[in-house]
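Colleague: The chain contents come next:
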Amino acid sequence: MKTGRMFRGFFVKTISFVGYTVQYGCIAHCAFEYIGEFVSVSFLELFGQSISTDSKRNTYKSLFLPTINLQQCSGPSMEPTITNHDVVFSERVSRHLCRIQKGDIVIAKSPFDPKMNICKRVIGLEGDKVCTSGPSDVFKTHTYVPRGHVWLEGDNLRNSTDSRSYGPVPYALIRGRVCLKLWPPHNFGVLAESPNDGRIL
Amino acid sequence: MFRGFLVKTISFVGYTVQYGCIAHCAFEYVGEFVSCSGPSMEPTITNHDVVFSERVSRNLCRIQKGDIVIAKSPFDPKMNICKRVMGLEGDKVCTSGPSDIFKTHTYVPRGHVWLEGDNLRNSTDSRSYGPIPYALIRGRVCLKMWPPHSFGVLAESPNDGRIL
Numbered sequence: 001m002k003t004g005r006m007f008r009g010f011f012v013k014t015i016s017f018v019g020y021t022v023q024y025g026c027i028a029h030c031a032f033e034y035i036g037e038f039v040s041v042s043f044l045e046l047f048g049q050s051i052s053t054d055s056k057r058n059t060y061k062s063l064f065l066p067t068i069n070l071q072q073c074s075g076p077s078m079e080p081t082i083t084n085h086d087v088v089f090s091e092r093v094s095r096h097l098c099r100i101q102k103g104d105i106v107i108a109k110s111p112f113d114p115k116m117n118i119c120k121r122v123i124g125l126e127g128d129k130v131c132t133s134g135p136s137d138v139f140k141t142h143t144y145v146p147r148g149h150v151w152l153e154g155d156n157l158r159n160s161t162d163s164r165s166y167g168p169v170p171y172a173l174i175r176g177r178v179c180l181k182l183w184p185p186h187n188f189g190v191l192a193e194s195p196n197d198g199r200i201l
Numbered sequence: 001m002f003r004g005f006l007v008k009t010i011s012f013v014g015y016t017v018q019y020g021c022i023a024h025c026a027f028e029y030v031g032e033f034v035s036c037s038g039p040s041m042e043p044t045i046t047n048h049d050v051v052f053s054e055r056v057s058r059n060l061c062r063i064q065k066g067d068i069v070i071a072k073s074p075f076d077p078k079m080n081i082c083k084r085v086m087g088l089e090g091d092k093v094c095t096s097g098p099s100d101i102f103k104t105h106t107y108v109p110r111g112h113v114w115l116e117g118d119n120l121r122n123s124t125d126s127r128s129y130g131p132i133p134y135a136l137i138r139g140r141v142c143l144k145m146w147p148p149h150s151f152g153v154l155a156e157s158p159n160d161g162r163i164l
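Chains as they are written, first to last, in the UniProt record's numbering: chain A, 1 to 201; chain B, 1 to 164.
Just so you know, these hints were derived from the structure itself, not from any lab.
All the pointers check out, no bait thrown in.
The list that follows gives simulated cross-link-like pairs (lysine to any residue, SDA-like), each with its CA atoms no further than 25 Å apart:
1) A:Lys115 with A:Gly36
2) A:Lys115 with B:Gly31
3) A:Lys115 with B:Met79
4) B:Lys78 with A:Ile35
5) A:Lys115 with B:Gly111
6) A:Lys102 with B:Lys78
7) A:Lys115 with B:Glu32
8) B:Lys92 with A:Gly167
9) A:Lys102 with B:Ser73
10) B:Lys78 with A:Gly36
11) A:Lys102 with B:Met79
12) A:Lys115 with B:Lys65
13) B:Lys78 with A:Asp104
14) B:Lys78 with A:Cys98
15) A:Lys115 with B:Tyr129
16) A:Lys115 with B:Glu28
17) A:Lys129 with B:Asp76
18) B:Lys78 with A:Phe112
Bear in mind the structure is a predicted one, so any value in this text is a computation, not a measurement.
Whole structure, please, built from the sequences with the hints as guidance.
Modeller: The following block contains the structure:
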């Protein structure tokens, strides 16, 4: 009789623990979904994870920890604005209110791998004219960004796979807008403007 | 009295936020009810039908050829489209119509899917806007809920010849 009561007490405790975890998990998830998340730029190799052999692509995978949604961003395509080992904060509000603007740095889902994310700057919105040729090309070519799409480019033009190779990306793939650099402390603050100003037409 | 009222309001707001977050996560990770409009999926899904679309297959990357999916429209981030998956990444898909003499084909790029409506004559799909990224898919339609006489699992594609 006493064992039965003990067992029932233990069972009730487990159920309420699971209930609280689910509740807490849901609230944390909604906070990351609708407010923002921390993004860490670091060498994934240090953590023993394999990354794409395409070193030009600035990719990131996500680790969901119970308290912070830590995303890891790696690659050289956003230098010098964002370099390896940087931690940035990406907010979700602009994306939900459709207020992403030209010149914003965004985190988006990769169009070629639904599990990976990319970090690039928005160079053109729907309807804008964008330059598809390189800065060193003799003949300049242009294209218009289709409805519902954005044109993304990395700041490090020589070492970035972006819309110049895979075309415009649907707006719906954007996850959030990078608004603050948190680490390293001497770089804390708002991110720099695009070093390739001539490309925003 | 004022403090009691304030405490009650705060706890009401707290419960609403809690309940809202749990409901949101249920819709995000389990499934949602969708009301469809438009003729592009006739006769499988007609105007004003209500279907249930589950999220588990999409999160586990288990969407297969022949599945009906709800996806975000590539041309309007606020709209959703309901089409059938005719090809996954690497598949060969037929880009010409059934009545064309010369058949043309293309390969679906990595990370993309090829969507077509069941009502080929009246559907704007991948035949006009090309393959869409897999990441735009929201869920897989698995059950028709309304009208009651059509309740149940959805029919196979009426255009079987197009799935290569």
